[in-house]
Amino acid sequence: MSILQIKNLHVTVDTDQGTKEILKGVDLTIRSGETHAIMGPNGSGKSTLAYSIAGHPKYTVTEGEILLDGENVLEMSVDERARAGLFLAMQYPVEIPGVSVSNFLRTAKTAIDGEAPALRTWIKDVRKAMDDLRMDSSFTERNVNEGFSGGEKKRHEILQLELLKPKFAVLDETDSGLDVDALKVVSEGVNRAKDESGFGVLLITHYTRILRYIKPDFVHVFVAGKVAEEGGPELAERLEAEGYDSYVKA
Amino acid sequence: MTELTQTAQPGLAQHGLTEHSHGYGVPIQTRNERVRSTNVGDFAPITLRDEQWRYLAVERLNGLDADVLDEFSGDISLSAPDGVVASWVEAGHEAFGAAGTPEDRTSAAAWSSAQAAYLIDIPAADSHQEVRLTLKATDAEPSALHIIVRAAKFTEATVVLDHTGNGNLAENVEIIVGDEAKLTLVSIQQWDDKSAHTSAQFAKIGRNAKLKHIVASLGGKTVRITPSVDYTAPGGDAELLGVYFAESDQHLEHRPYVDHGVPNCKSRVTYKGALQGNKAHTVWVGDVLIRKAAEGTDTYELNRNLLLTDGARADSVPNLEIETGQIEGAGHASASGRFDDEQLFYLQARGIDELSARKLVVRGFLNEIVQQIGIEDIEDRLTAAIEAKLARSGA
Chain P
1 MSILQIKNLH
11 VTVDTDQGTK
21 EILKGVDLTI
31 RSGETHAIMG
41 PNGSGKSTLA
51 YSIAGHPKYT
61 VTEGEILLDG
71 ENVLEMSVDE
81 RARAGLFLAM
91 QYPVEIPGVS
101 VSNFLRTAKT
111 AIDGEAPALR
121 TWIKDVRKAM
131 DDLRMDSSFT
141 ERNVNEGFSG
151 GEKKRHEILQ
161 LELLKPKFAV
171 LDETDSGLDV
181 DALKVVSEGV
191 NRAKDESGFG
201 VLLITHYTRI
211 LRYIKPDFVH
221 VFVAGKVAEE
231 GGPELAERLE
241 AEGYDSYVKA
Chain A
1001 MTELTQTAQP
1011 GLAQHGLTEH
1021 SHGYGVPIQT
1031 RNERVRSTNV
1041 GDFAPITLRD
1051 EQWRYLAVER
1061 LNGLDADVLD
1071 EFSGDISLSA
1081 PDGVVASWVE
1091 AGHEAFGAAG
1101 TPEDRTSAAA
1111 WSSAQAAYLI
1121 DIPAADSHQE
1131 VRLTLKATDA
1141 EPSALHIIVR
1151 AAKFTEATVV
1161 LDHTGNGNLA
1171 ENVEIIVGDE
1181 AKLTLVSIQQ
1191 WDDKSAHTSA
1201 QFAKIGRNAK
1211 LKHIVASLGG
1221 KTVRITPSVD
1231 YTAPGGDAEL
1241 LGVYFAESDQ
1251 HLEHRPYVDH
1261 GVPNCKSRVT
1271 YKGALQGNKA
1281 HTVWVGDVLI
1291 RKAAEGTDTY
1301 ELNRNLLLTD
1311 GARADSVPNL
1321 EIETGQIEGA
1331 GHASASGRFD
1341 DEQLFYLQAR
1351 GIDELSARKL
1361 VVRGFLNEIV
1371 QQIGIEDIED
1381 RLTAAIEAKL
1391 ARSGA
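Here the protein sequences line up with chains P and A, keeping their order. Per my numbering, the very first residue in the first sequence carries number 1; after that it's consecutive. Per my numbering, the very first residue in the second sequence carries number 1001; after that it's consecutive.
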């Protein structure tokens, strides 16, 4: 059983107009096996939270803590966080020319586990995970994210989630840009990986649509860099009906 | 990676002779009007105003711009199968000057300063032949060397020219590929840090012959390689490949030139380079000239650069001159991209540490060329040298 604690997190970003505070005291606790949905309007700081957990250099934590099983995550480099068990499925995965998917996956798996995976089982695992995500086997020969469609990029992110088996998965708007069929395939992938390795999920989304496929245990409404309201799945249903207007006006 | 790509369409005069004229005092622009001479006095002193030298400050040549150079006094060692004959030959020998004539000042100075040329004659044999010539500079005097590699009709061979040591060398390499022959020539520049090196490498390709020319420039303060290709008869095929990696204060320059003067020949030029560190500078100028007679020509040239840090500069200039529309295809592309923070973040977010991330990207990028060499120990050596550079980056 693992626990990810975010305490009074304040985060700033440097812009052309100067330093701007995006997160203004976020508190969240996630345990293994739990699914937490973070919902909120555009610009509320949802993605900033995701990047701050992963350690993107663009964001500066000015106050607060992130603890993974009591360890101070903020003192870790980006790769150390990943090796400690944090995974961020990115909203906009970048292209890495010259690096094939198969090489990338094997290098990442080796880095996370601290040793190279046994070749035969690894190839089988990759193949199975790709089949489950309805990805063609030729995919592994392509360069990472190069020329991928939006849907292919998201499947590739979830493929990594399934193979790398983290303690906590942060899914940053994984539903954006997906049609219903792709959304189902990707959601099933998340559920399958979660059933298998029992990780905790922080699901960041603007829309309630993905919550039909990935059932949240907790819903947190994010407004202006803070959690404005928390509840169970019923809160998502209310947002579906009412939208964010009441929060934004308030 | 942000990219700027340009491609010329077949049959389109991108910089054609007939498209524009040059007034008095304008530097020579078209490639076939360039001065060719073995007399150094026919070339103006090297300055940044000269198109050929516009990217390279003359001080970086460590004296190679002199009119007269010493003859190369370093170690020359040859490893070759029986049947391959090496000898010193002088001007007047049939092979001397058979593949080309100098087109710049250091090449002309080297031509006249090196009285004798080192000729490697490779006769046809039943199997593929591997020849290695190692040149190790032992002193810093500006010096000159002339090498001739002659592959007889039907010969299949790989020749490696391995440049090492600490020295300053102006060189001419003539490459004669006989009819129906298949020659791979690999020129490795792995000099010590202070060295300067210019090398004009002239190839003459016979009927239905194939040359694979691979340049690997990794070590040296200044390296300037000017490979050129000329065809004697139809059916010739030239593949010009290059790989380079410039670090802080290194200047690595490559100017491949393909002169399509006869019909139905093919050329492919692919150069890839990486740069890291302050004032790391690479220059690639790729010229292709398709003359009026060269109907059925098929050519494509490509240069890609990967900038790993700030402070590095990659100049990339493809030039395509086309004098006939009756060709199979002609194109060029040039792209310089940056290994940026977002790519690094993506790889690190998957547990891969920064140095491994850089290795992964650079190895993927440069290996395409390195693995074309086909000699395992040399490929391993170059890969190790590339990775040692990455480890030094300390970024």
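Since the hints were derived computationally from the structure, they do not count as laboratory data. Nothing here was measured: the structure is a model prediction, and the numbers come from that model. From the three backbone atoms N, C-alpha and C, an ideal C-beta is built for every residue, glycine too. Be careful, since some hints might not be right.
Stated by the list, open to error - Cut-off 16 Å, straight-line C-alpha distance, at most; resulting in silico cross-link-like pairs (EDC-like, lysine to aspartate or glutamate): (1) A:K1210 / A:D1249; (2) P:K58 / A:D1340; (3) P:K58 / A:D1259; (4) P:K58 / A:D1341.
What the hints assert, rightly or not - The calculated label-pair distances, taken between Cβ atoms and stated as ranges, are: (5) P:S102 / A:E1090: 23 to 31 Å; (6) P:R120 / A:A1384: 28 to 36 Å; (7) A:G1311 / P:S137: 22 to 30 Å; (8) P:E141 / A:E1379: 15 to 23 Å.
Right, here's what the structure says about each hint:
Distance hint between K1210 (chain A) and D1249 (chain A) is unfulfilled; the C-alpha atoms sit about 36 Å from each other, more than 16 Å. Among the hinted pairs, K58 (chain P) with D1340 (chain A) is consistent with the structure: their alpha-carbon atoms are about 13 Å apart, no more than 16 Å. For the suggested pair K58 (chain P) and D1259 (chain A), the alpha carbons sit about 50 Å apart, so the restraint of at most 16 Å is broken. Distance hint between K58 (chain P) and D1341 (chain A) is fulfilled; the C-alpha atoms sit about 9 Å from each other, no more than 16 Å.
About 56 Å separates the C-beta atoms of S102 (chain P) and E1090 (chain A), a value inconsistent with the hinted range of 23 to 31 Å. As the Cβ distance of R120 (chain P) to A1384 (chain A) is approximately 29 Å, the hint placing it in 28 to 36 Å holds. Separated by about 42 Å at the C-beta atoms, G1311 (chain A) and S137 (chain P) break the suggested range of 22 to 30 Å. Remark: the range hint 15 to 23 Å for E141 (chain P) to E1379 (chain A) is upheld by a beta-carbon distance near 21 Å.
The earlier numbered hints that this structure contradicts are 1, 3, 5 and 7.
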